[in-house]
Amino acid sequence: MAPTFPFFLASIIGIISMYHAHGQDYECSEREECVDSSYTATIGDKLICSAPVSCGYSAFTLTCSSSECEVECTNDDSCYSALIVLDNAKKVVCKGHESCQDIELYLNVAEGFELDCQDSKACYNVEMAATGYVDKIKCDAFQACYSFDFDIAISDDFELECKGDNSCQNGQLLVNIAADTDMEAIKCEGAESCQNMDIDIQGTGSETLVIDELKCEGHQSCKDMTITVQDATLIIKKCICDSSYACVCTQGLEVCEELDGYWNADGSDTYYDC
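For the sequence shown, the numbering used here begins at 1 and goes up steadily by one.
Keep in mind that a hint or two might mislead.
As the list claims (entries may be wrong) - Below 16 angstroms or equal to it, Euclidean Cα-Cα: the simulated EDC-like pairs (lysine to aspartate or glutamate) are:
#	residue 1	residue 2
1	K136	D25
2	K91	E159
3	K163	E189
4	K136	D151
As the list claims (entries may be wrong) - Okay, the calculated beta carbon distance ranges per label pair:
#	residue 1	residue 2	range
5	S38	D156	33 to 39 angstroms
6	D260	T233	45 to 51 angstroms
7	V229	A110	25 to 31 angstroms
8	E258	S29	48 to 54 angstroms
9	S38	Q251	41 to 47 angstroms
10	G261	T61	44 to 50 angstroms
Everything labelled a hint here was simulated from the structure, so no lab data went into it. Source: prediction; values computed, not measured. In this text, a Cβ means the ideal position worked out from N, Cα and C, and glycines have one as well.
Let the sequences and hints guide you as you build the complete structure.
This is how it looks when you write it as structure tokens:
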């Protein structure tokens with residue numbers, strides 16, 4: 001999007017010059033300081049959006065000169081509805097209420113990437129697509145990643161962590177694999193945390209994805225979850241359904257090598273497949 005006011009042009013030129021000359025951090029620390037603008041730059045270690053709506057509705061195309069480069073959205077609505085394109089970034093942190101809600105995130109990852117959503121609705125309705133490997137996605141608050149849409153390739157030991165109530169509910173996870181891969185875990189540890197989540201594994205014909213653990217802890221935490229596989233083989237070593245109705249109507253658990261916990265509110269272990 002184009003800047004709203006002409007004075008943003010000078011600000012943008014100054015920011016880009018600073019990044020190229022010094023590769024240092026930049027912070028949008030005032031309310032709406034970098035709002036509704038377009039930025040293309042090479043950055044150092046961090047871009048920090050620390051005030052409410054400080055980077056909201058803006059478009060960032062950023063190349064990282066540091067292998068530990070991060071974008072941090074640390075206040076309410078700080079990166080709300082932003083478009084962020086990152087080359088060589090290590091991490092995006094969203095730790096204000098609705099801090100990264102409705103953002104579009106496009107990644108070219110060199111050495112692995114982590115998305116860390118720490119507050120209520122922090123990554124609500126986020127869209128993310130990545131080339132290269134994603135290491136970890138953390139959704140650790142109420143509706144932190146509600147209705148997400150992720151299209152990613154994963155590293156060995158990848159982990160999806162959904163700890164808050166409704167944290168990953170209605171999410172869509174597309175995992176692309178081009179070689180045999182060992183995923184560490186999918187953890188759904190809040191009430192309805194992964195309810196109605198779709199997990200789609202796509203290979204090219206002969207790959208095997210092994211998930212060490214699928215953990216469903218919380219009332220209806222994995223209810224109506226669907227796991228599908230295309231042109232690949234999926235093995236889940238251990239499935240844990242350890243709360244009332246945690247795995248009711250969950251589709252795809254026939255690939256579990258070990259089932260642990262109980263399925264129903266009365267403590268019975270009858271698998272209920274809708």
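Evaluated hints:
| no. | hint | verdict |
| --- | --- | --- |
| 1 | K136 / D25 | violated, 24 angstroms |
| 2 | K91 / E159 | holds, 14 angstroms |
| 3 | K163 / E189 | holds, 5 angstroms |
| 4 | K136 / D151 | holds, 13 angstroms |
| 5 | S38 / D156: 33 to 39 angstroms | holds, 37 angstroms |
| 6 | D260 / T233: 45 to 51 angstroms | violated, 22 angstroms |
| 7 | V229 / A110: 25 to 31 angstroms | holds, 28 angstroms |
| 8 | E258 / S29: 48 to 54 angstroms | holds, 50 angstroms |
| 9 | S38 / Q251: 41 to 47 angstroms | holds, 43 angstroms |
| 10 | G261 / T61: 44 to 50 angstroms | holds, 46 angstroms |
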